[in-house]
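Q: Residue numbers (the working numbering), protein chains in the order written: chain A, 41 to 335; chain B, 64 to 569.
It should be emphasised that the hints constitute simulated quantities derived from the structure, not laboratory data. Quick caveat, the model's predicted, so the values are computed rather than measured. Take these hints with a grain of salt, some might be off.
Chain A stretches covered by chain B per the calculated footprint, using a threshold of three residues with CB under 8 Å from any CB of chain B [stated by the list, open to error]:
#1 213–222
#2 232–243
#3 278–284
Derived, one-sided and incomplete: chain B residues facing chain A with beta-carbon distance under 8 Å [to be verified]:
#4 T113
#5 A118
#6 A128
#7 R130
#8 G131
#9 A353
We put the CB at the ideal spot given by N, CA and C, even for glycine.
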Amino acid sequence: MGERFESVDEVSTRLRGVDYLADPAIAGVVYLADRLGKPVLVEGPAGVGKTELAKSVAAATGSRLIRLQCYEGLDESKAIYEWNYKKQLLRIQADREHERDWETVESDIFSEPFLLTRPLLEAIRSTEPVVLLIDEVDRVEIETEALLLEVLSDFQVSIPELGTITGNQIPYVFLTSNNTRELSEALKRRCLFLHIDYPESDREKEIVRVRVPEIDAVLADQIAKVVGSIRKLDIKKAPSISETIDWARTLVYLGRNEVTPEVLGDTLHVLLKYQSDIAKARKELGVDAPPSIRK
Amino acid sequence: MTGRWARLDDAMTQTTRTGGSRLGDDARLLDVLQGFVHELREAGLPVSMTENLDAMRAIEHVPLADRGTLRTALAATLVKQAGHARVFDTIFEVYFSMFSPGVPAAGDENAAGDAARGESFEELRGAMDAGGAMGELSDEDLARLLLDALMRMDRNELQMIAAAAVARFAGMEPGRPVGGAYYLYRTLRRLDAEGLTGKMMERAREEGALGDGAFDERLATEEFEQRLKVLREMVEAEIRRRLVADRGVEAMARTLRKPLPEDVDFMHASREEMQQMQRAINPLTRALAARLAQRRRNRHRGQLDFRQTVRRSMQFGGVPVEPRFKRPRPSKPEIMVIADISGSVASFARFTLQFVYAMQSEFSKVRSWVFIDGIDEVTRFFDEADEVSQAISRVNTEADVVWVDGHSDYGHAFEVWHERHIREVTRKSTVILLGDARNNYHASQAWTIGEMRKRARRVFWLDPEPRGYWDTGDSIVSEYAPHCDGVYEVRNLRQLQRFVSDIVEA
Numbered sequence: 041m042g043e044r045f046e047s048v049d050e051v052s053t054r055l056r057g058v059d060y061l062a063d064p065a066i067a068g069v070v071y072l073a074d075r076l077g078k079p080v081l082v083e084g085p086a087g088v089g090k091t092e093l094a095k096s097v098a099a100a101t102g103s104r105l106i107r108l109q110c111y112e113g114l115d116e117s118k119a120i121y122e123w124n125y126k127k128q129l130l131r132i133q134a135d136r137e138h139e140r141d142w143e144t145v146e147s148d149i150f151s152e153p154f155l156l157t158r159p160l161l162e163a164i165r166s167t168e169p170v171v172l173l174i175d176e177v178d179r180v181e182i183e184t185e186a187l188l189l190e191v192l193s194d195f196q197v198s199i200p201e202l203g204t205i206t207g208n209q210i211p212y213v214f215l216t217s218n219n220t221r222e223l224s225e226a227l228k229r230r231c232l233f234l235h236i237d238y239p240e241s242d243r244e245k246e247i248v249r250v251r252v253p254e255i256d257a258v259l260a261d262q263i264a265k266v267v268g269s270i271r272k273l274d275i276k277k278a279p280s281i282s283e284t285i286d287w288a289r290t291l292v293y294l295g296r297n298e299v300t301p302e303v304l305g306d307t308l309h310v311l312l313k314y315q316s317d318i319a320k321a322r323k324e325l326g327v328d329a330p331p332s333i334r335k
Numbered sequence: 064m065t066g067r068w069a070r071l072d073d074a075m076t077q078t079t080r081t082g083g084s085r086l087g088d089d090a091r092l093l094d095v096l097q098g099f100v101h102e103l104r105e106a107g108l109p110v111s112m113t114e115n116l117d118a119m120r121a122i123e124h125v126p127l128a129d130r131g132t133l134r135t136a137l138a139a140t141l142v143k144q145a146g147h148a149r150v151f152d153t154i155f156e157v158y159f160s161m162f163s164p165g166v167p168a169a170g171d172e173n174a175a176g177d178a179a180r181g182e183s184f185e186e187l188r189g190a191m192d193a194g195g196a197m198g199e200l201s202d203e204d205l206a207r208l209l210l211d212a213l214m215r216m217d218r219n220e221l222q223m224i225a226a227a228a229v230a231r232f233a234g235m236e237p238g239r240p241v242g243g244a245y246y247l248y249r250t251l252r253r254l255d256a257e258g259l260t261g262k263m264m265e266r267a268r269e270e271g272a273l274g275d276g277a278f279d280e281r282l283a284t285e286e287f288e289q290r291l292k293v294l295r296e297m298v299e300a301e302i303r304r305r306l307v308a309d310r311g312v313e314a315m316a317r318t319l320r321k322p323l324p325e326d327v328d329f330m331h332a333s334r335e336e337m338q339q340m341q342r343a344i345n346p347l348t349r350a351l352a353a354r355l356a357q358r359r360r361n362r363h364r365g366q367l368d369f370r371q372t373v374r375r376s377m378q379f380g381g382v383p384v385e386p387r388f389k390r391p392r393p394s395k396p397e398i399m400v401i402a403d404i405s406g407s408v409a410s411f412a413r414f415t416l417q418f419v420y421a422m423q424s425e426f427s428k429v430r431s432w433v434f435i436d437g438i439d440e441v442t443r444f445f446d447e448a449d450e451v452s453q454a455i456s457r458v459n460t461e462a463d464v465v466w467v468d469g470h471s472d473y474g475h476a477f478e479v480w481h482e483r484h485i486r487e488v489t490r491k492s493t494v495i496l497l498g499d500a501r502n503n504y505h506a507s508q509a510w511t512i513g514e515m516r517k518r519a520r521r522v523f524w525l526d527p528e529p530r531g532y533w534d535t536g537d538s539i540v541s542e543y544a545p546h547c548d549g550v551y552e553v554r555n556l557r558q559l560q561r562f563v564s565d566i567v568e569a
């Protein structure tokens, strides 16, 4: 792998260039991933920018993003490679007249032109720089996880009919997990671990300002503080960063330049998605219901 | 590696010069790292050989003097579970306290380089003396400077004030084998940490920075409390640094060693540990539920599904190439929990109830009773509440559990239960009894448990005390044990998880 980042600071700066504000821990791990050539396992609550990180690293390094979305039942033929059966059949039929011996035909139909590459193989064989994103890896069964191991540790894929395909490069690999189940030790051992939590108030303010450039600095500051305060409540679903940004946009569209209790009351549903959460936040923050509900 | 050692020495002499602590001159990076990893393992973190090697490779790439990045590098390679981060942090602080920024000394270019720094910074730096206590300043001056620094949230100034406060107020005595909690308490009390939020609010109001109304006030209070937390952490770090300098890394690490949330003993958990356990419960139950679902899927197949098989055979011209099977319906047990919630075992009962209710989907029905010397059914609290924690707090405040004097009486509670509910126990019920069986020398009425067992599928007893304490004093576990299908020692979340997984699978 070409050394793509010179220092931790450079990681921060370049990610900032693509509108991703990394805290020191995030920048540090991205830098190490580059230096050690190891995949990064990113974990944390929904909506803190795990997937966004991979996309931003791709953008910052000018790499192509290859994404493998995980789901229950994902298998080798969807993740790594598959033989193009239809093409193979056609080939066999086309060969009938020539009466060639079976061995020739076999070595012919199990060759590269008949191989369908899926994300993992594609990432390994790519000649241009790539970032491989394996999204929501906690959704696959534990047996399927094993498929990833060879790719993640040696950056190679073994295909019985073809032999082992080794990568041209060690790509950046990001795995994301919402921690719905414990991942296997084997997988964790091969990765650097990065836990991303909700951002501190200052960083969230910066994120809002970067994502909603037309926003007033004072308002952004208030937004970050209010959201931080709401996250401290004991609620079902804390507002994610993307919800903070949505809220900021809403306030800008509504032409508000200050968060007052009334404004918050009218727009709380942008931040919170459960009625019980909204009610709780209203009560705790001393915010009234909007006029339509107010009697 | 030699080059790195030299750099470590540099880094250490630098911090030593700037007033940080001294770690023996012969310390070597590898030794420190190996000691560190050893301590992580002692604390229960599963650090493998590969991860150890990764950590060694990782620190090749980071500047040692940059403690934050060093921390990131070690955490990313050695800790693979978010719940273990706190234990890691504590150990890291002890082993690498020599790299903390410490107090910038007079004449330190980096610290003085910032031209924008105000007068108070100069005042502070001028007052710096050999001991770091800033003897020139009176306590009042220090308090004033602290309030200023907090209002502006100037971390450098806070750092210096924290160091001075520890030197002045903590009254640290060398050689004492303590963890520093007392020193922290003394320092914070002398700084009037309790009253500082109020003072900051007052100041903010004077400056007109605070809007009126409860809403603004709440936000400001939260903000100021956050700042005080930073101060508190700085004081804590300073105390730790001094303690490590005094007693050495290993001794300190041993004193401060904390168990992982899943290993904390229910009966001796501190408030903070309780909160951590609270957070650990949901991931644990989720992990368990996912594993059980998996196993259920993989379990042997059921009867032939004739309809599906015929339907499937259509695509092969009516030949049943792929027989289909029905999935066996999992038999979900009905759970009855009867818990002692008297003082000594209250938190154990709380966590167990919480765990069982979080796993509710694995059971066909969950009913619960709590008792001290009287007994009350609390199922309704759990059915009504949105969240388990709400129900638990209602159990603590509303359940009617006192009969005579509020001292545990297992015998009476079981007798009453037997009278009211024994007919509701069926072959599908699994009864779980929670408590330390310390019966205050009342009659055991163990026959009631025998009756339960006759009717129930299984009866289990969970005891939060270490096995060695059973049947000592007024504990009478062994009187109940013969009537149970199993008696388990459940002292922490890990053991609790194992038990629940056993009963769901069996």
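Q: Does each hint fit the structure? Answer for all of them.
A: For each hint, the structure was consulted:
By the rule of at least three residues with a Cβ nearer than 8 Å to a Cβ of chain B, the coverage given for the stretch 213–222 of chain A holds, with 4 such residues. Look at the stretch 232–243 of chain A against chain B: 5 of its residues bring a Cβ nearer than 8 Å to a Cβ of that chain, three or more, so the hint holds. Counting residues of the stretch 278–284 of chain A whose CB falls under 8 Å from any CB of chain B gives 0; the rule of at least 3 is not met. Satisfaction of the interface hint for B/T113 is found here, the shortest Cβ-Cβ separation to chain A being roughly 5 Å, below the 8 Å cut-off.
Look at B/A118: its Cβ only gets to about 10 Å from chain A, farther than 8 Å, so that hint breaks. Residue-level restraint check for B/A128 is violated (minimum Cβ-Cβ distance to chain A is 13 Å; threshold 8 Å). With a cut of 8 Å, the hint placing B/R130 at the interface with chain A is violated, because the nearest CB-to-CB distance is about 11 Å. With 8 Å as the threshold, the beta carbon of B/G131 comes within range of chain A, its nearest partner Cβ sitting at about 5 Å, so the hint holds.
A cut of 8 Å between beta carbons decides the hint on B/A353: the least distance to chain A is about 4 Å, and the hint holds.
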